[in-house]
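For reference, the chains in residue letters:
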Amino acid sequence: KNEVEQSPQNLTAQEGEFITINCSYSVGISALHWLQQHPGGGIVSLFMLSSGKKKHGRLIATINIQEKHSSLHITASHPRDSAVYICAANRHTGTASKLTFGTGTRLQVTL
Amino acid sequence: EPEVTQTPSHQVTQMGQEVILRCVPISNHLYFYWYRQILGQKVEFLVSFYNNEISEKSEIFDDQFSVERPDGSNFTLKIRSTKLEDSAMYFCASSPHTGDPGTGELFFGEGSRLTVL
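Which chain is which? The protein sequence lines are B and S, in order. For the first sequence, position 22 matches number 22 in this note's numbering, and the numbering has no gaps at all. For the second sequence, position 49 matches number 49 in this note's numbering, and the numbering has no gaps at all.
Hints may contain errors.
As the list claims (entries may be wrong) - Once the Cα atoms are required to be at most 35 Å apart in a straight line, the calculated DSBU-like pairs of lysine-lysine come out as: (1) S:K83 / S:K42; (2) S:K57 / B:K53; (3) S:K83 / B:K55; (4) B:K68 / S:K57; (5) S:K57 / B:K54; (6) B:K54 / B:K68; (7) S:K42 / B:K55; (8) B:K54 / S:K83; (9) S:K42 / B:K54.
Simulated from the structure, these hints should not be mistaken for laboratory data.
This is chain S alone, in the form it adopts within the complex:
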C-alpha cells in the first residue's frame, strides 16, 4: 500500500541552526501539507501546498519557515534558524485530487521529531 515517508525520524540540532525535514508524498497525490505537534499539545496546521505554491499557511508559518518541492517527488520543510520552541513532531501529509480540495482523504507520514537544544 502506498505511504507517505518522512526523514529523518528524529533530528537533534542546536538553536540557530537550519533544519530541513523531508517528505515523499504518495506519488499521484496533488495536495501536500505540514503539521506540527508540540509535546503534550494538539496537532497544528502549518502550511498547505498545491500546484507548486503555498495555498494556505497558518500564523505559525512565519519567515523562518519555507517549503519546497524541489524535484517533483520530495516535499521539504525548512526551518531557517531554529528556536527552542520549534521542538516538536512534524507531520507531512498528502491527499489526492477529488474535485473539491476540502474533502480529500489525508495520508500522514510517521512524523519527524525535532529536538532543538
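Okay, chain B solo, but in the shape it has when bound:
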C-alpha cells in the first residue's frame, strides 16, 4: 500500500468549475506539501501546511491531521490550471525533511 494516496488520478473539468483533489497518508508527518508539476516537468510548491487551511488566490488547501487527509481546491478553474498536482508528506525525521510523494493527479481544464 502506498504511504501517500491521491484521488482522482485523472480529472477533466470545464473552465469555471470547482475542483477538489484529495490526498490520504498513512505515515506520521510534520507537514504536507501540495506541488504543481508543469507539462514541461518543472515543480512549483503551492502549499506547505501542518494544520488547518491555507489560501492563495484561487487555491485552497486543507488538512485534517486526525484523519490523515488533505484536500486541494481550485475555485473558478482555468485552462492554465492544467497540470499534475502532487501531494507529498514530510515524514517525522530528526534532522531534515524527507518527502514521500503521491502519484499525482493530472488535471485538464477545458474551455
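Fit chain S to the supplied structure of chain B, relying on the hints for placement.
Positioned in the frame of chain B, the structure of chain S alone reads:
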C-alpha cells in the same frame, strides 16, 4: 524572485559514464535535497543535505551516488557509473531554516533530464 537553478537541463550519456548534475540553491537556504522522477512514475526522495553532510538518504542512493557542496554555492549530485535505469528527471530543492527542519517550504529547480544510452 530568488530561484533554484539546475544545469544541465538535459544530458545524454553512455552507460558506465560518470555524470555530475549541478544545482545552485537559493543563497540563504540551509537544507538541500535531490529527488528524481523516472518517466511516468512518481517523484522519489534521494538525499537530504545539511551542515555540509548528508542528513538522510533513501535506499535508491547507493554507493554509485554522491553529493557535494564544493564551494558554498553549488550543490552537486554525482552518479559514478551510470546505468540505464538512472535515466530520469533529477530535481534539486532547497529550503530555509525555520527552526523545525521538517516544516520548511521547499523551492524546486526546473530539473535536469538524464538519458543513459
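Take a quick look at whether K83 (chain S) and K42 (chain S) sit within 35 Å of each other, Cα to Cα. holds, 19 Å
Is K83 (chain S) close enough to K55 (chain B), meaning Cα to Cα at most 35 Å? Cα-Cα ~43 Å, so violated.
Hey, K57 (chain S) versus K53 (chain B), does the alpha-carbon distance stay inside 35 Å? holds, 31 Å
Can you confirm whether the C-alpha distance between K54 (chain B) and K68 (chain B) stays at or below 35 Å? Holds - the C-alpha atoms of K68 (chain B) and K54 (chain B) are around 17 Å apart, at most 35 Å.
Would you mind confirming whether the straight-line C-alpha gap from K42 (chain S) to K55 (chain B) stays at or under 35 Å? holds, 26 Å
CA of K68 (chain B) to CA of K57 (chain S), is that 35 Å or under? holds, 25 Å
Mind checking the alpha carbons of K57 (chain S) and K54 (chain B) for me, to see if they're no more than 35 Å apart? Measuring from Cα to Cα gives roughly 30 Å; hence the hint holds.
Agreement of K54 (chain B) and K83 (chain S) with the hint, judged by alpha carbon distance not exceeding 35 Å: violated, 42 Å
Is the straight-line distance between the alpha-carbon of K42 (chain S) and that of K54 (chain B) 35 Å or less? Since the Cα atoms of K42 (chain S) and K54 (chain B) sit roughly 25 Å apart, the hinted pair holds (cutoff 35 Å).
The earlier numbered hints that this structure contradicts are 3, 8.
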